[in-house]
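Undergrad: Here's the letter readout for the chains.
Number of protein chains: 8
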Amino acid sequence: MSFVDLGFARVDTDRKNRRGFPEVIFCAGKTPDEVLQICRVILENQDVVLGTRATREQFSLVQREFKHSKFHERARCITIENDPMPKLSGKIAVICAGTSDLPVAEEAAVTLEIFGNCVERICDVGVAGIHRLLAVREQIESCNAVIVVAGMEGALPSAVAGLTSKPLIAVPTSVGYGASLGGIAALLGMLNSCGSGVTVVNIDNGFGAAYAAATINRLVHLATREPEAQKK
Amino acid sequence: MSFVDLGFARVDTDRKNRRGFPEVIFCAGKTPDEVLQICRVILENQDVVLGTRATREQFSLVQREFKHSKFHERARCITIENDPMPKLSGKIAVICAGTSDLPVAEEAAVTLEIFGNCVERICDVGVAGIHRLLAVREQIESCNAVIVVAGMEGALPSAVAGLTSKPLIAVPTSVGYGASLGGIAALLGMLNSCGSGVTVVNIDNGFGAAYAAATINRLVHLATREPEAQKK
Amino acid sequence: MSFVDLGFARVDTDRKNRRGFPEVIFCAGKTPDEVLQICRVILENQDVVLGTRATREQFSLVQREFKHSKFHERARCITIENDPMPKLSGKIAVICAGTSDLPVAEEAAVTLEIFGNCVERICDVGVAGIHRLLAVREQIESCNAVIVVAGMEGALPSAVAGLTSKPLIAVPTSVGYGASLGGIAALLGMLNSCGSGVTVVNIDNGFGAAYAAATINRLVHLATREPEAQKK
Amino acid sequence: MSFVDLGFARVDTDRKNRRGFPEVIFCAGKTPDEVLQICRVILENQDVVLGTRATREQFSLVQREFKHSKFHERARCITIENDPMPKLSGKIAVICAGTSDLPVAEEAAVTLEIFGNCVERICDVGVAGIHRLLAVREQIESCNAVIVVAGMEGALPSAVAGLTSKPLIAVPTSVGYGASLGGIAALLGMLNSCGSGVTVVNIDNGFGAAYAAATINRLVHLATREPEAQKK
Amino acid sequence: MSFVDLGFARVDTDRKNRRGFPEVIFCAGKTPDEVLQICRVILENQDVVLGTRATREQFSLVQREFKHSKFHERARCITIENDPMPKLSGKIAVICAGTSDLPVAEEAAVTLEIFGNCVERICDVGVAGIHRLLAVREQIESCNAVIVVAGMEGALPSAVAGLTSKPLIAVPTSVGYGASLGGIAALLGMLNSCGSGVTVVNIDNGFGAAYAAATINRLVHLATREPEAQKK
Amino acid sequence: MSFVDLGFARVDTDRKNRRGFPEVIFCAGKTPDEVLQICRVILENQDVVLGTRATREQFSLVQREFKHSKFHERARCITIENDPMPKLSGKIAVICAGTSDLPVAEEAAVTLEIFGNCVERICDVGVAGIHRLLAVREQIESCNAVIVVAGMEGALPSAVAGLTSKPLIAVPTSVGYGASLGGIAALLGMLNSCGSGVTVVNIDNGFGAAYAAATINRLVHLATREPEAQKK
Amino acid sequence: MSFVDLGFARVDTDRKNRRGFPEVIFCAGKTPDEVLQICRVILENQDVVLGTRATREQFSLVQREFKHSKFHERARCITIENDPMPKLSGKIAVICAGTSDLPVAEEAAVTLEIFGNCVERICDVGVAGIHRLLAVREQIESCNAVIVVAGMEGALPSAVAGLTSKPLIAVPTSVGYGASLGGIAALLGMLNSCGSGVTVVNIDNGFGAAYAAATINRLVHLATREPEAQKK
Amino acid sequence: MSFVDLGFARVDTDRKNRRGFPEVIFCAGKTPDEVLQICRVILENQDVVLGTRATREQFSLVQREFKHSKFHERARCITIENDPMPKLSGKIAVICAGTSDLPVAEEAAVTLEIFGNCVERICDVGVAGIHRLLAVREQIESCNAVIVVAGMEGALPSAVAGLTSKPLIAVPTSVGYGASLGGIAALLGMLNSCGSGVTVVNIDNGFGAAYAAATINRLVHLATREPEAQKK
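As they're listed, the protein sequences go chains A, B, C, D, E, F, G and H. Residue 215 in our numbering is what sits at position 215 of the first sequence, and the numbering runs on without skipping anything. Residue 400 in our numbering is what sits at position 168 of the second sequence, and the numbering runs on without skipping anything. Residue 654 in our numbering is what sits at position 190 of the third sequence, and the numbering runs on without skipping anything. Residue 764 in our numbering is what sits at position 68 of the fourth sequence, and the numbering runs on without skipping anything. Residue 1042 in our numbering is what sits at position 114 of the fifth sequence, and the numbering runs on without skipping anything. Residue 1313 in our numbering is what sits at position 153 of the sixth sequence, and the numbering runs on without skipping anything. Residue 1599 in our numbering is what sits at position 207 of the seventh sequence, and the numbering runs on without skipping anything. Residue 1640 in our numbering is what sits at position 16 of the eighth sequence, and the numbering runs on without skipping anything.
Calculated from the structure, these hints are not laboratory results. What you are looking at is a predicted structure, and each value in this text was computed from that prediction instead of being measured. Accuracy of the hints is not assured; some may be wrong.
[As the list claims (entries may be wrong)] 25 Å max Cα-Cα, derived BS3-like pairs, lysine-lysine: (1) D:K712 to D:K783; (2) G:K1483 to H:K1694; (3) F:K1247 to F:K1230; (4) C:K480 to B:K323; (5) A:K91 to E:K944; (6) H:K1715 to H:K1694; (7) H:K1640 to G:K1483; (8) D:K787 to F:K1251; (9) D:K712 to F:K1251; (10) A:K16 to E:K1019; (11) C:K555 to B:K323; (12) G:K1408 to H:K1715; (13) B:K248 to C:K555.
[Stated by the list, open to error] Some but not every residue of chain B turned toward chain E, in silico, with C-beta under 8 Å: (14) F235; (15) T263; (16) L293; (17) T331; (18) C355; (19) R364; (20) V407.
The beta-carbon is built from N, C-alpha and C at its ideal position, and this holds for glycine as well.
The shape of chain A in the complex, shown without the other chains (with noise of 0.2 Å):
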């Protein structure tokens, strides 16, 4: 296991070997220049970078370098694809209650994407009409996992996971304002949700919603490919 030490960083150039994709650069708190001595060690040992919590500002220096790097706005995303990761075979869902949840969503998908991914987006069908989600529910289970971004008071992913067979990530958002406390009250709900098997990750982390979602996809992509390995 192998790391270069850059001084204010480790870049964990092992990190694709032990977990199947390679290291992510969570660009908050980092100056413009930190970001992009990290992207050179990454691409020095793999394809492509993804960077979540990006600014604008952090992009500029890193496309002077990196002219095909990208800046995904509404993600606030930077990604950089030397050679596209492989698709995988399978697809995944991302639904949003609320048009204010497509940041998160966009996170998520941007994330799935780079991953090598094909996802479904399905925006704004909260339980408030019901009819709305009951519309899209063959779609949702034609996928290999599913999802579901949500603020408020986070009862999408309960309803959702009632008509689904499919592994379901729970992320919810600060959306909202008062008593929805910065997403604590959407982060409980989906806690504490009475569809069995909702699992939930930190409010507003569409990326780890989607790295999860990502590791599941890998894992029916690897077990289409070598069916026998898994039987065994």
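Since the structure of chain A is already known, use the hints to place chains B, C, D, E, F, G and H on it.
TA: What follows is chains B, C, D, E, F, G and H alone, placed relative to chain A:
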């Protein structure tokens, strides 16, 4: 405006004039004898008594003097009806998400009934099996107000609100564990409901929700009796 | 049941049928263009639009297309009335404890008015000078529902509840500092109100309280129009 | 300044000199024998002993040695008066919102009385029936300080504060359930009181409120005895 | 979609069709008779029953009718297997940080086993002796999903996540005291895990983690059986 | 009892009769014009005005009409004295733990002075250097009441309480960071003070503490003037 | 690095090599038999065993096999010393604020003693009588480290810190009621201490504080034995 | 014991005698001029000054008078060294979990250095790549004390504690989002650390951890100089 001073309590004998319903006894923290004495004062001025959060011990003493008093085990209520209050037209739906929420739902139902309301009890229609809720949609809409009792993530009121045009009062319960925080998760969920117009009462406060629903039903009842007064 | 899918939003065009009032736009976190597009879809199906938590920037874009739209500064609301909703008989009281609670009270009043309700505004009757409240007692009782808006300790709903027989909806506000915890103190106070039947909405949620009150007023209004239907 | 070291406790025998009242025993978490030993040391230096949060078991042991000791059941206090403290001129009002708040109010009353104060007990004047409070307004104003004990939403101190010119000390109680959070709701309510000058003590801390009120009453008492000293 | 209405419960007999696993009984707050009745309805439609948070008293009644039912003491589960569910290929690791976390780990293991999964139990590998964890690294990586159960600071999932490429579900437990806040500290720790892709369930919710892991394992199992379907 | 209704405010012109001091303006959340209008009404009935939590902008407008009004920068207060209130005999100590607590201490001092009290300012005597506090012990004891202002852990009131026989009002401040939780740590510390009789006001509420202290000082002052009345 | 796998526990037999002290048994949540088995494994490798949070029932079983084991009632500890650890030069002060804090202080003292430290016990020197603390100032300074145990407002560590140059570890206790929130108030107070360099452990964690103090004392002890090694 | 009273501050000129290190200026909330004046008083008595939480504006004024003062940008510290404090033998490790924790780690390092300690900086060794930590194990063990700085879940101190025999002080940081609650998650994690003997300071309090570590290092340093004194 008048009251009777018992030393340990000042019974508000004017309550029904001002509020439409007589004073109710919150039995928690009172001795059986104190409950009995308050019953006496209320019955000198009114025909019915309701005691909530009552114990069997308090009931035993009350029953010795008021033979026709009743104890509602699951609802933890004492009721005495010398002369029942007049029946109101219009029904109230009392819906609960799961079997464990029944005690709170029953407190609401007993309160509604002693105040002259007809109750539609609908049990175990949580969002994890949304078809169970859709099956009772018309039954709900036929009522003048809807009380929704739910613990855990408290998602049911949002789903019900999306299906009805009637006033909806949500009651969080302390059913759950861990991050349910004794009902706080359900309470926050309901306060942040994406279903417009959902109002909320304290955790496990079946009585309060019933009182509010009864107030609405009484108002509608009076309107149907005296439509001209309302039209002004 | 139907909806229109705009990609970023699924507008619930069936809302008025199910709930009595058309869908309302929660403008926070939406771009001006998104608000405008939703306005268009709603106005194809309804005669009025209400946007809450709106900014002047969102309004400017909307106004360019809908000349007769209005911006309610203090209430932070956009309204468009192609054809006003029919006036309901019966008034709603909107009471606030202090001058600083006015923005929330105004959000309630604007919501009530666009939904066809008459509003009685009563301002600055906090419990520290209880004679100010006693002076408006009859004015309150003459309404079909009462909204009480208060920050700090949120004591006013308890005092008002003791004086009226009408349904009372309490709105905690984020007015205060320190241990007011952004309105949590007022919220907890109202949830624990000793005034029977007080129901509560989220902090600063003037809209939600108004929606609930409008639902009640509409129910009473319909009862006075069609008393026979209610009597069954 | 001096103290007596018992190993498990250092009894502050100088307390009365510095603070005006002798040391008081907080009995919770102490063995009966420890309580007894501290009683002995205090009585060697003072004429009265007060033990709060006491159990009957602690009292039994104490009484075996100090025959004239008393146990105040509801207040959970032990008192021993070898020679009562001199009576202070001026009364203290102890007001409580509901019957369930009586144990805390009694702890305050017992404390006040052993320190030489006259107590006006006023019970069950909660804001849900404000006429009950208005009826005792003059009785309150005739005192030198006012203690207001309330659970649930803790609104009573604000209402009382608006009616009197005397120092007011609010005591939140743990009476309530659910969102009362063991008295936190009442505590926050009182800290955010719109009634200017309301000061607050810990939940259920009747003793602390009484100590503060006694300090005020003693100061006034001394002022009436030695007005010249004060005028300087 | 169908259900059976028992009055106190609406048993969701369609659950296995929609979700892949039959309905499970959350026994807390139900009477033994209610548990028995629900068992009967489920067994009319399915071959296995799982009851979680069960008491010995509930089990005794169930066992009277279903002789081959089992009670799992530490896991607090009732199981009945008329015909075991088919075994899934692939294993699930259930890791716990300390001995005191065993009841929650066992709830997970019992749930996994009745749903047809093989379980690798790994106990007491907390981060304070990291060599204990490194010793089981390959054992973990050989599974299809990993459940990590930990109380106190909840640090174990982060360390495990860094060592495996498999989906990881973290279960905080209420083991600890003081600032562990009944498991909240562990819950927050896991939600903020620096290990990408860690998902979390409610405190002490071994069942929920197992359900999620079983869903993943079933998906992989189906993929290995029908790889062509997945490749589309 | 009377008031003046300005629409946005009902000024309590009877306040001084009932409470001993005239109404005070809480300027936060009011427009400069609203502050000015309230000033006008108060000055028609009283000789002094105090506005707390005021901005320079509010002051500028007020000063245009009331030339002799003053702005107290650090205390954020506006004062107008047409005719100063009569000086009370007796002093109030205002003690603060650190330099950063000065704004709150100044709010207290300005309030005390406009209400006719003499103030002893004592700054930076935190418990980390207890000799600084012991040096001012007599200065404190010479006052009629003591206000102790402290942030961070809020330990100072306990130490001061142990050294004086005078009523002590503790003011927690929001000075601190991290686990000070915006003053909650100091607030909790003061509420749990082992110093008997410490009473507490809201975080940063220098005004409230001063009001309470002024009430006490006024009471003592009146007692020295009319000792006979008190003796009854 | 090695361990012994008992199935339910992996005993870290390498702990003393790495950390200086052998593994300690946290007995809470373990069966008596599990405690016994772990004792056996530890004693095969070490000469002493410490079990914290132990019950008498656990002790009874342990004592049956290890006759010379001891139970420390107040400290809730089991100790077995086959061969006592070597005495360290240097003392540790264990100070507690009040009598009720003794169990936590004793847990610290028992831990220190089995690890070879001399303990200075100083009890009941709370800040409400600061002269009691000043009297032991030199006794404190003569130690190599200071443990300060306090509940309620947790102010004592700040005061002690101001008087000594030695490392100070603060232990909040759950002593108190109401707003002490089970020790959270004391914990927050200590974390916000104005006394520079105060470090804190979990509520009631006497063991943890003792372990830290023993680590310091051992370091100093080794320095005095091998000063040359340190000087490098 | 002595101090200098500046009116707004009482500078504790006796601090170094009592505590081993001179008084430090907490600059937050002080005006530049106040900082300057305190610097002057300290430098009359000591040779070094440390100001924490300083702004560039405060530094500019200080630098005008003290030309050789330095501003440590990332650490937000002002230092002035007229004559550096004597170097202590022994090093302190300052370890941080991620790049974003650097400002807090730097505050610790600057504090340590001005107090005469040598610092080993080790950055970005979070538990998600545990091999990065194992690589520096001996470097850590060679120090006299270890400071571990981490945000998010705060798991690093537990892992480090398991690998070293030296005193360990954990510093939670406010790095993170959502359920990190501004550092509370990390704080709780560290307080509940399964690593025995971990002590904790306030969120972001690099200074406090450094002060504690310096106290330990000074003690060891003195022990190596005067081993005989310690042996007594």
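Undergrad: Evaluate each hint against the coordinates.
TA: Each hint tested on the structure:
For the given pair, K712 of chain D sits about 16 Å from K783 of chain D by alpha-carbon distance, which is consistent with the 25 Å threshold. Between K1483 of chain G and K1694 of chain H the CA atoms are separated by roughly 40 Å; this puts the pair beyond 25 Å, and the hint is violated. Using a Cα cut-off of 25 Å, the hinted pair K1247 of chain F and K1230 of chain F holds, with the two alpha carbons roughly 19 Å apart. Straight-line distance between C-alpha atoms of K480 of chain C and K323 of chain B comes to about 23 Å, which keeps the hinted pair within the 25 Å bound.
Between K91 of chain A and K944 of chain E the alpha-carbon distance is near 23 Å, which keeps this suggested pair within the 25 Å criterion. Taking the CA atoms of K1715 of chain H and K1694 of chain H, the gap is about 23 Å. The hint holds against a cut of 25 Å. Taking the CA atoms of K1640 of chain H and K1483 of chain G, the gap is near 23 Å; set against the 25 Å cutoff, the hint holds. This hinted pair checks out: K787 of chain D and K1251 of chain F have alpha carbons roughly 24 Å apart, not beyond 25 Å.
For the suggested pair K712 of chain D and K1251 of chain F, the alpha carbons sit about 23 Å apart, so the restraint of at most 25 Å is met. For a cut-off of 25 Å, the pair hint linking K16 of chain A to K1019 of chain E stands: about 23 Å separates their Cα positions. This hinted pair checks out: K555 of chain C and K323 of chain B have alpha carbons roughly 24 Å apart, not beyond 25 Å. Only pairs whose Cα atoms come within 25 Å are accepted, and K1408 of chain G paired with K1715 of chain H is accepted, the gap being roughly 23 Å.
Under the criterion of a C-alpha separation no larger than 25 Å, the hint pairing K248 of chain B with K555 of chain C is consistent with the structure, at around 23 Å. Hint status for F235 of chain B relative to chain E: violated, with the closest Cβ pair at about 39 Å, above 8 Å. Residue-level restraint check for T263 of chain B is violated (minimum Cβ-Cβ distance to chain E is 29 Å; threshold 8 Å). Given the 8 Å rule on beta carbons, the hint for L293 of chain B is violated: about 28 Å separates it from the nearest Cβ of chain E.
Contact between T331 of chain B and chain E, as hinted, is supported at the beta carbon level, the nearest pair being about 5 Å apart and thus within 8 Å. The interface hint given for C355 of chain B holds, since its Cβ lies 6 Å from the closest Cβ of chain E, which is under the 8 Å cut-off. A least Cβ separation of about 5 Å between R364 of chain B and chain E falls short of the 8 Å threshold, and the interface hint therefore holds. A least Cβ separation of about 6 Å between V407 of chain B and chain E falls short of the 8 Å threshold, and the interface hint therefore holds.
Hint compliance for this structure: hints 2, 14, 15 and 16 are broken, all remaining hints hold.
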